[in-house]
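Number of protein chains: 2
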Amino acid sequence: MGTTQLEAAPEPKYWHLKTVLTDALDSEFAVGEILPNERDLAARFGVARATLRQALEQLELEGRLQRRRGVGTTVAPPRMGVAVASNDRDWPGGSADAWQAVDSTVDVPPSAVAAALETAPDTEVNVLRRTRVSHGQPVAAELLYVPVGPAPDLTAIDAASGAARARAVVRELQRLGLDGEDRAVELGSARADDAKELDRLPGAPVLVVTTRYFSRGTTAAVSVATYRADTCRLTFGDTAGVEIHHAPQTRAS
Amino acid sequence: MGTTQLEAAPEPKYWHLKTVLTDALDSEFAVGEILPNERDLAARFGVARATLRQALEQLELEGRLQRRRGVGTTVAPPRMGVAVASNDRDWPGGSADAWQAVDSTVDVPPSAVAAALETAPDTEVNVLRRTRVSHGQPVAAELLYVPVGPAPDLTAIDAASGAARARAVVRELQRLGLDGEDRAVELGSARADDAKELDRLPGAPVLVVTTRYFSRGTTAAVSVATYRADTCRLTFGDTAGVEIHHAPQTRAS
DNA sequence: TAGTGGTCTAGACCACGAA
DNA sequence: TCGTGGTCTAGACCACTAG
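Chains as they are written, first to last, in the working numbering: chain A, 1 to 253; chain B, 1 to 253.
It cannot be assumed that every hint is accurate.
Any copy will do: because identical chains look the same in the list, a pair fits if it lies in one copy or spans two.
Computed list of lysine to any residue pairs in SDA-like fashion (alpha-carbon distance at most 20 Å, straight line) [unchecked claim]: (1) K13 with A50; (2) K13 with D23; (3) K13 with R191; (4) K13 with A195; (5) K196 with W15; (6) K13 with R53.
Hints are computed from structural coordinates only; laboratory data are not their basis.
Turn these sequences into a full structure, and let the hints guide you.
Okay, structure coming up:
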């Protein structure tokens, strides 16, 4: 990374800076390597720290950098592919399911979820908290809403620890047949609780996957899963595997 | 929206500000309504404009606000559901396909695409530019890569306008049977050309959907589609329709 | 031309992690 | 304790839109 001067340009400085840094990352840095700190980088490029940060923020959004307070800025590995839906049934808790039950309560769901579940607005449902780990690091936090109606009464194990109870609910759920599922993906920002689970700061960009599971003509469960947008590439369909390399979206115009 | 003072809090001001604004949007503003300008808002909340902007940026990221330079900040409508994959075959150009061919060239694809297409790194392929419009506004810009090999030779219409040629390529593609498809979704930022097509500034957050179309055992086409992350909720699966209301991800902890 | 959001600056202090 | 990224300020000017 040279000590290149930023000459006058019609495009914003931070944008130009971003492309310069992108090229540098491609050619001169290895994954995991630590970049100079923000004050030094800003000085080196002759811009204010805020401007430099604007460029770094975008690069982090694109999954090229990872920044940690108190530590520094490092070059991020390519995003990992995370299978969200495959051809085989993935009723919650199925086979190679990487989800880990964390906790369980009974509560009134958000109105949006209640609508999807087709329950009355103030009906209580099972609320399971689960975490997904991939390649050794947390990639997603989920809230799974399961109506108490169709499932057998679970009050017997109400006293059990949240996690054990969560697993029990999932087991019951698996007894039902799965007719189909329905997914939506949108951009969001991590709530404080999700952020903690994902080892990020609140407000970090996440991909919110809302899934409705259908069984016997009704909605048997609704899952709201938030995936780390910086480290994850969500995969759908047949061959979830093959690696698409870095940065499909990083070239300048 | 009151003239509430921001009292001392352990959480960042912009975060608190965001929740205050979110509540105000829910209770006191109608879709399309214009907010006071940033300088007034900042003064009203007793913060610097940069801090106010940090809150507005997050709200825009979450699809709650829409900001346009020279115009103002307005309350955004709920995100629209955009069907990305349904049960029926959606070979490019099929039935209710909302894609509009814009242009067509022959060029060497990015190495990542070449790898997915299983072509040699420097092989030229058809590159189609398409746009997707939903509810009257542009929601996605796509680059469709189609190897020249399997399709009939199209040099005959090379002279035709780009758009006409693009449609011809799609027609040829439809003749092949579709064995399956493979999708990945990740967060990106809009390149300058895509941004223009999407009526956004460069760097705007987008959901990048990479699709591989399989036919006769090989990859017949690769599509890289960038959807506006602020206005779109990507839907997959059976019932693409049903509306999940606003803000699955906006409550404070 | 007036008003809006977008960019940029040069500081300051804070919260966190590691030594 | 020190160095890092995270937050915040109070300005300035620019680019764009609309009247």
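These are the hints, each one checked on the structure:
no., hint, verdict
1, K13 with A50, "both (11 Å within a copy, 18 Å between copies)"
2, K13 with D23, "within (15 Å within a copy, 35 Å between copies)"
3, K13 with R191, "between (31 Å within a copy, 16 Å between copies)"
4, K13 with A195, "between (31 Å within a copy, 18 Å between copies)"
5, K196 with W15, "between (31 Å within a copy, 15 Å between copies)"
6, K13 with R53, "both (11 Å within a copy, 19 Å between copies)"
Going down the numbered hints, you'll see the structure goes against none, and every one checks out.
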